[in-house]
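Visitor: Here's the letter readout for the chains.
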Amino acid sequence: MKLDGRALLVRIYIGESDTWRGKPLYQAIVERMRELHIAGATVLRGIEGFGAHAHLHTTRLLRLSEDLPILIEIVDAEERLRAVLPELDEMVDDGLITLERVEVFAYRGPAGAGDGDGDAGGTEGMRATGEGGESAAHRRTDE
Amino acid sequence: MHVVVIGLGGFVGAVARYAVDGWVSTAMRGSFPWGTLAVNASGSLLIGLLFALSTERAVIPAELRGPLMIGFVGAYTTFSTLALESWRLIEDGAWVPAIANLGGSVLLGIVAVVAGIAIGRAI
Chain F
1 MKLDGRALLV RIYIGESDTW RGKPLYQAIV ERMRELHIAG ATVLRGIEGF
51 GAHAHLHTTR LLRLSEDLPI LIEIVDAEER LRAVLPELDE MVDDGLITLE
101 RVEVFAYRGP AGAGDGDGDA GGTEGMRATG EGGESAAHRR TDE
Chain E
1 MHVVVIGLGG FVGAVARYAV DGWVSTAMRG SFPWGTLAVN ASGSLLIGLL
51 FALSTERAVI PAELRGPLMI GFVGAYTTFS TLALESWRLI EDGAWVPAIA
101 NLGGSVLLGI VAVVAGIAIG RAI
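So the sequence lines, in the order shown, correspond to chains F and E.
Residue numbering for the first sequence follows this note's numbering, starting at 1 and increasing by one per position.
Residue numbering for the second sequence follows this note's numbering, starting at 1 and increasing by one per position.
With the rest of the complex left out, here is chain F:
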């Protein structure tokens, strides 16, 4: 997959304990983006924040440290992401979604990468790691 030049960055702000059909929402979103062969997604955990309800969540006070903020950043070509937005809109009940135009300077993985996880034609869009601090490695095979 090539990703170069102009692209769209979707930022989704949700809470740690938001769920979608029984699993954590951030996990569901990353898995879905991966299924759709989106170029990449990264999940970051915030240590403090508030949103539409003006409830403060912070690691500084134990009682308020539940449901910490989660930020998911998704990057791909604008047309591909715009096509996915309605689905994201449906999944995010409670949160903020913003769109930014970005310029991709580099999008690459180790040369000759392809780890046989079943993607058609050996194309690697991204890989999501397990529970502990989800992140995505951006990869590109030689086309």
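Source of the hints: derived by calculation from the structure; they are not laboratory data.
All C-beta atoms, glycine included, are put in the ideal place defined by N, C-alpha and C.
One should not assume that every hint holds.
Said to hold, decoys possible - Which chain E residues face chain F? A few, computed with CB under 10 Å, are given here:
| # | residue |
| --- | --- |
| 1 | 2 |
| 2 | 47 |
| 3 | 51 |
| 4 | 55 |
| 5 | 56 |
| 6 | 63 |
| 7 | 65 |
| 8 | 66 |
| 9 | 69 |
| 10 | 74 |
Please build the complex by placing chain E on the supplied structure of chain F, with the hints as guidance.
Guide: Quick look at chain E alone, frame taken from chain F:
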């Protein structure tokens, strides 16, 4: 439901305190409140460890944070018993042990939290 799970953590924590405090208090001679010091210090170590593992590193899932840290450790440690036992020492004229208990508990608690967090970050 989340509140119930927190309550269950509290149940286990209080029973654990009862057991540990009881064991330490009968093992030690004299009237210094070693049992309370033991649960407060070990509880502080544990809460530091849980903080690092659940909040900083997501090794422990977010929904267990409350039940473990607020429920279990919250019930396992005790501030009220610290206050009561310190006052009883003062009432009996044992000022030095009272101040040692109060100051020592706080100091040991902080040291234990720092140690717990350090361990949680390292493993």
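Visitor: It remains to establish, for every hint, whether it holds in the given structure.
Guide: Quick rundown of the hints versus the structure:
Evaluation of the residue 2/E hint against chain F yields a held restraint, the C-beta minimum of about 8 Å falling below 10 Å. Satisfaction of the interface hint for residue 47/E is found here, the shortest Cβ-Cβ separation to chain F being roughly 8 Å, below the 10 Å cut-off. Look at residue 51/E: its Cβ gets to within about 8 Å of chain F, closer than 10 Å, so that hint holds up. Hint status for residue 55/E: holds, given a least beta-carbon distance of 5 Å to chain F, under 10 Å.
The interface hint given for residue 56/E is met, as the beta carbon of that residue sits about 8 Å from the closest beta carbon of chain F, less than 10 Å. Given the 10 Å rule on beta carbons, the hint for residue 63/E holds: about 6 Å separates it from the nearest Cβ of chain F. Annotation: residue 65/E was flagged as interfacial toward chain F, and the flag holds, the nearest CB pair being 6 Å apart, inside 10 Å. Given hint, residue 66/E at the interface with chain F, holds; its Cβ is 5 Å from that chain's nearest Cβ, closer than 10 Å.
Proximity of residue 69/E to chain F holds as hinted, the smallest CB-CB distance being about 6 Å (cut-off 10 Å). About 9 Å separates the beta-carbon of residue 74/E from the nearest beta-carbon of chain F, less than 10 Å, and the hint is met.
No hint from the list above goes unmet by this structure.
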